[in-house]
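Residue-level listing of the chains:
Number of protein chains: 4
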Amino acid sequence: MSNFVPTPTVPAPDIVRCAYMEIVVTDLARSRAFYVDLLGLHVTEEDETTIYLRSFEEFIHHNLVLRKGPIAAVAAFAYRVKSPAEVDAAEAYYKELGCRTERRKDGFTKGIGDSVRVEDPLGFPYEFFYETEHVERLTQRYDLYSAGELVRLDHFNQVTPDVPRGRKYLEDLGFRVSEDIKDSDGVTYAAWMHRKQTVHDTALTGGNGPRMHHVAFATHEKHNIIQICDKMGALRISDRIERGPGRHGVSNAFYLYILDPDNHRIEIYTQDYYTGDPDNPTVTWDVHDNQRRDWWGNAVVPSWYTEASLVLDLDGNPQPVIERTDASEMAVTVGADGFSYTRKDDGDGSGAVEGFKLGAQL
Amino acid sequence: MSNFVPTPTVPAPDIVRCAYMEIVVTDLARSRAFYVDLLGLHVTEEDETTIYLRSFEEFIHHNLVLRKGPIAAVAAFAYRVKSPAEVDAAEAYYKELGCRTERRKDGFTKGIGDSVRVEDPLGFPYEFFYETEHVERLTQRYDLYSAGELVRLDHFNQVTPDVPRGRKYLEDLGFRVSEDIKDSDGVTYAAWMHRKQTVHDTALTGGNGPRMHHVAFATHEKHNIIQICDKMGALRISDRIERGPGRHGVSNAFYLYILDPDNHRIEIYTQDYYTGDPDNPTVTWDVHDNQRRDWWGNAVVPSWYTEASLVLDLDGNPQPVIERTDASEMAVTVGADGFSYTRKDDGDGSGAVEGFKLGAQL
Amino acid sequence: MSNFVPTPTVPAPDIVRCAYMEIVVTDLARSRAFYVDLLGLHVTEEDETTIYLRSFEEFIHHNLVLRKGPIAAVAAFAYRVKSPAEVDAAEAYYKELGCRTERRKDGFTKGIGDSVRVEDPLGFPYEFFYETEHVERLTQRYDLYSAGELVRLDHFNQVTPDVPRGRKYLEDLGFRVSEDIKDSDGVTYAAWMHRKQTVHDTALTGGNGPRMHHVAFATHEKHNIIQICDKMGALRISDRIERGPGRHGVSNAFYLYILDPDNHRIEIYTQDYYTGDPDNPTVTWDVHDNQRRDWWGNAVVPSWYTEASLVLDLDGNPQPVIERTDASEMAVTVGADGFSYTRKDDGDGSGAVEGFKLGAQL
Amino acid sequence: MSNFVPTPTVPAPDIVRCAYMEIVVTDLARSRAFYVDLLGLHVTEEDETTIYLRSFEEFIHHNLVLRKGPIAAVAAFAYRVKSPAEVDAAEAYYKELGCRTERRKDGFTKGIGDSVRVEDPLGFPYEFFYETEHVERLTQRYDLYSAGELVRLDHFNQVTPDVPRGRKYLEDLGFRVSEDIKDSDGVTYAAWMHRKQTVHDTALTGGNGPRMHHVAFATHEKHNIIQICDKMGALRISDRIERGPGRHGVSNAFYLYILDPDNHRIEIYTQDYYTGDPDNPTVTWDVHDNQRRDWWGNAVVPSWYTEASLVLDLDGNPQPVIERTDASEMAVTVGADGFSYTRKDDGDGSGAVEGFKLGAQL
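Chains as they are written, first to last, in the numbering used here: chain A, 5 to 366; chain B, 5 to 366; chain C, 5 to 366; chain D, 5 to 366.
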């Protein structure tokens with residue numbers, strides 16, 4: 005099968021966590037207004053072409069790099085590994101996979117040292133690094149704490165046509181699955197995968213890809229997320245709130261999706277759960293369960309399923325987007341072809357589903 | 005003009021606040037599960053046909069009466085007046101208005117004394133009382149405080165075809181308008197009116213009426229409302245969440261609308277603002293402003309505009325519902341005939357509106 | 005009896021609410037840093053000698069005036085009345101009381117029109133006004149909303165030697181008592197009195213007076229108050245946190261007391277309860293109940309009982325401070341001479357009190 | 005040096021996290037009222053002598069075992085290891101350390117399989133296990149979610165006379181130090197040590213030991229902790245609130261300390277930070293920094309320093325308590341012999357400390 009990803013014979017690099025994303029934006033000033041003025045991310049460094057941003061409790065140089073460029077896209081999903089030697093391990097691992105790799109001893113971005121970037125088997129630009137400049141961790145700088153403060157980078161989310169293939173690849177790379185969405189025919193629609201002890205460092209969303217679905221930052225409490233909505237209302241950009249706020253079924257986190265000026269999707273996220281035990285139970289959701297993506301049954305807007313950001317190859321060119329051929333989650337749950345239920349079987353023995361929500365069907 | 009409401013020559017009764025609603029439910033046990041087990045309202049008294057409920061910080065006998073009956077409907081919108089003499093004033097006032105009235109020295113419900121009920125000029129069953137049994141105010145009974153605790157009755161909301169007519173009637177009755185929704189043609193779609201020092205004791209929503217749109221209870225904080233959603237998800241009744249949670253434009257309150265087993269609509273509401281000054285500024289919203297009903301621009305579901313509860317006359321029969329002939333807020337804002345904007349004029353001199361939200365147009 | 009306050013024969017002015025306080029500060033820049041940079045109050049206007057501040061949801065010109073002067077003190081406790089005519093009523097009322105009054109058609113401060121200031125029978129400088137400039141109400145300006153945002157002026161608190169005398173004077177003036185603290189010998193230690201529908205517009209604390217105990221601003225939620233503490237920690241001025249945060253027994257509000265650069269005491273306060281019904285139950289606390297001032301039994305620091313701000317007469321000179329001769333709340337509850345209990349009678353029939361808290365006794 | 009702990013030549017067991025504590029209580033019914041009725045921990049199983057409790061998001065059998073016994077004490081600090089083989093590793097490790105060990109293939113408590121208990125070099129009863137019965141994780145059972153819900157076991161805290169010795173022992177065991185408290189003479193007063201990616205799984209507090217200082221449970225948000233205080237006030241057991249709520253300097257968590265009926269100390273804790281990176285910066289606090297234990301400078305009550313629970317040897321007898329000979333944190337910071345500062349050097353060149361808080365000195 006052409007899309008089989010072999011498991012390398014060399015050990016996978018020991019990944020600590022998702023660490024930063026580098027995104028290309030077309031108007032740096034507008035993006036700065038979004039990420040700094042609206043969202044309050046903290047500028048570690050900036051120049052005419054690039055802004056390095058970090059969250060409140062971060063001590064590495066950055067969690068997000070905004071780089072000015074002609075086409076909005078994602079240049080890197082960067083993971084921190086456990087030691088300098090693990091960068092070698094990553095390079096060897098992807099070489100054995102037959103992937104294109106590029107090693108830079110001085111890093112691809114400021115504040116990061118020896119790194120390797122790869123075009124991974126799914127077409128994503130992954131980076132692995134250990135060395136980084138430590139900067140002031142702002143944890144107790146409450147004089148800088150805004151009402152909607154983003155305190156940690158939480159996770160990435162990637163769109164890929166073949167979720168089981170991607171899942172196997174990431175499991176080989178050492179990720180563990182915390183939750184997934186399937187149907188009774190065995191189709192997998194999405195999977196959540198972690199290295200650190202949260203629900204995910206990255207997730208795979210089934211769709212046309214490779215594309216970046218979103219990058220997520222955590223807040224301390226739910227009211228911080230509500231404030232971000234309120235502020236977007238005050239700035240009269242509520243049309244940039246795409247979905248939420250709501251409570252996820254998957255992950256149990258309280259969430260919000262907003263769109264940056266280039267339509268890169270940002271999630272604001274809080275209060276998922278500890279997954280650090282080796283036998284952490286995997287939760288599988290039925291794709292027809294209307295509470296899987298929103299515990300309150302609020303409808304997922306179609307754009308959330310269809311729109312995503314291009315990703316770049318190591319030359320900086322957009323990767324071609326391959327169509328998903330498996331069933332689409334949107335098609336099987338929304339509109340004429342799909343259905344969702346709130347209660348699977350109301351106990352009358354018929355096995356009938358019940359609880360269609362007003363508005364859940366367009 | 006036939007629907008003119010004359011101002012009586014006798015003084016209007018001095019109303020303190022909205023105090024309780026009496027609703028007819030068709031299955032008392034199911035309604036008890038909703039109001040007591042789910043929402044945590046406190047039972048003051050109950051028997052086979054009736055349950056008297058109050059919120060956490062209430063000291064009068066009840067804020068909500070559930071009475072078993074054949075047709076789901078509202079039997080009374082009850083206001084507390086400032087003294088026993090004001091019940092006489094209310095009776096005289098409505099008699100002069102030519103309305104049917106009924107006076108009961110022992111009250112219409114347990115725990116309430118001398119009261120008058122009227123069929124008001126808009127067709128609603130209004131009650132006025134002063135005497136009430138004081139019960140334990142649970143304010144510091146934190147041993148009884150649930151995660152989604154309802155602490156006060158906040159307001160009523162009534163559907164009526166002719167909002168300006170209703171507004172004049174309520175202003176004569178001593179209510180003051182805090183906010184309203186209009187269009188540039190002078191059509192009024194809704195008005196919020198208060199006696200106590202909050203945004204409203206009741207509101208008028210334009211539509212086919214007389215019907216009861218909702219009754220609202222307040223929580224202390226926003227997370228209490230989120231918990232109610234989370235609990236409805238856990239109980240697999242998320243399809244009974246009709247709209248929200250969200251931030252209102254009008255009133256600025258954080259809100260949620262849910263449906264009881266008879267489709268009576270309940271709002272959970274928190275953090276509007278002080279309106280007690282005589283010159284409290286009235287806020288007028290443009291009906292096309294997409295943030296007027298939800299500050300985050302999230303769509304109002306059609307059912308919220310179209311569905312409401314019947315109200316009863318003093319014989320207990322449903323009042324006939326009269327159609328609104330003015331423009332409908334749903335029609336002018338949702339779907340093929342309507343539009344909404346997020347930014348009224350983006351400054352290009354064209355006066356063009358901008359900022360349609362994905363999903364705001366069905 | 006010399007300290008009897010007669011009830012005037014003319015009607016008391018119809019007071020709406022506490023509206024602003026004018027305080028004299030010795031270093032305007034330091035006070036600005038405290039009220040604007042730390043607490044986030046909004047500057048309506050300012051010049052070299054005076055700063056006019058308002059809270060987030062205020063629409064009148066100011067809630068706090070900082071005026072530079074040689075001696076830290078309070079120049080006015082200003083109340084808004086219901087109409088321009090009520091300023092006349094106030095002047096007549098205090099004239100009949102034999103108090104010194106001063107009327108200024110253009111107001112004593114910017115943004116306020118026709119006002120009367122009086123030296124009241126307790127020695128406090130009270131002001132009454134109706135006319136005020138309306139300014140932008142920032143209620144939905146969430147782009148300006150800080151993590152510890154102060155949204156309303158809530159109340160004043162005054163130290164006076166003879167609480168029953170002060171209470172009678174304020175009741176005659178139209179205030180109603182919501183709560184008080186007494187002992188079994190009939191000594192009154194404090195009383196909370198309101199015009200608007202909250203627990204108080206002002207309170208009387210027994211002690212050497214006339215002095216200003218504190219002025220209180222409200223936040224929306226409890227986490228906003230915690231943020232103020234956290235920010236004071238970050239600024240290394242935690243020694244200016246005098247007491248709290250905690251939950252009051254009296255009023256049930258969540259509270260914090262902090263000290264400005266001149267030792268004027270500011271309370272941050274949230275979530276007391278509705279008191280607008282004419283028969284709102286008065287709550288009386290036993291002075292020995294260890295939960296009366298802090299529901300969690302945390303000790304009141306001695307400075308909170310002993311320290312307060314001077315108040316000025318109409319010439320701008322400090323009023324002499326008269327000693328309280330009744331029992332002192334601190335003396336009867338703290339230290340060698342006092343006691344407090346958590347449980348009044350543990351049911352063993354002895355009537356013994358129980359539940360001394362570690363640290364409640366110095 | 006007699007109190008040197010040698011590093012074994014065999015590998016330390018791979019510890020995942022603190023998992024449960026077994027405590028001996030003298031009155032099972034009173035303890036049940038405290039842990040179940042007040043705190044809302046969930047009963048997995050119970051019989052006449054033992055109650056097995058877990059927090060809301062736990063999936064292993066229990067986080068706390070209450071066992072009825074004659075003397076209040078702690079029977080085990082239990083850690084989960086990464087695999088069954090790591091229990092062997094733990095046994096070998098402690099055998100080489102010369103510690104008494106006891107292996108039970110069926111576990112020491114219900115719901116736990118193959119385990120080893122040891123009397124560790126510091127005198128504490130440590131347990132290591134992997135096998136456990138999975139139980140329902142209640143994460144989304146919001147129908148069971150109380151206003152003060154405890155969602156995770158967070159950490160242990162142990163009192164030991166020689167903190168550097170204990171620290172070395174725990175570092176050898178694989179723990180990493182996140183924060184500590186020292187003075188300029190090199191005395192270490194406390195250290196926080198973690199395996200999972202939070203600030204600690206256990207901490208060492210300098211004092212007479214071995215004793216158990218506290219066991220801590222996490223809530224989602226700060227208001228959940230405030231509710232626990234409010235509920236203890238309502239139940240008139242506020243004298244069982246020992247310290248807090250407050251914001252820790254160390255760990256940055258929002259905290260509360262309460263006492264169970266046997267004076268076992270429980271901490272409620274929320275919102276520390278991620279520590280999973282290999283080079284997570286260690287934070288060292290000066291013992292004289294008045295914000296180290298409470299960021300708001302609120303005084304630590306003496307009992308918090310002096311009181312703690314006995315721990316048992318493997319025969320169930322209390323371990324003898326050895327006095328600390330190093331300087332005591334209480335002595336150097338509180339009262340006649342100690343001092344604390346809020347600002348270390350106010351910039352006048354004198355190096356003088358400033359900012360004594362009222363009440364920080366008894």
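Any given hint might turn out to be false.
Which copy is meant is left open, so a pair is good if it fits within one copy or across any two.
Result set (DMTMM-like, lysine to aspartate or glutamate): computed pairs, CA atoms no more than 20 Å apart in a straight line [claimed, not checked]: (1) K72 with E137; (2) K348 with D147; (3) K186 with D293; (4) K86 with D281; (5) K186 with E175; (6) K114 with D51.
Read the hints as simulated data drawn from the structure, not as lab findings.
Here's how the hints hold up against the structure:
Taking the shortest alpha-carbon separations for K72 and E137, neither the intra-copy value of 23 Å nor the inter-copy value of 47 Å comes in at or below 20 Å. Only between protomers do K348 and D147 lie at most 20 Å apart by alpha-carbon distance; the minimum there is 19 Å, versus 49 Å within a single protomer. Proximity of K186 to D293 under the C-alpha cut-off of 20 Å is restricted to the intra-copy arrangement: shortest distance 10 Å within a copy versus 40 Å between copies. In this assembly of identical chains, K86 and D281 lie within 20 Å of each other by CA distance both inside one copy and across copies; the values are 19 Å within and 7 Å between.
Taking the shortest alpha-carbon separations for K186 and E175, only the intra-copy value of 17 Å comes in at or below 20 Å, while the best inter-copy value is 43 Å. Taking CA atoms no more than 20 Å apart as the test, K114 paired with D51 passes inside one copy only; the shortest distance there is 11 Å, against 45 Å between copies.
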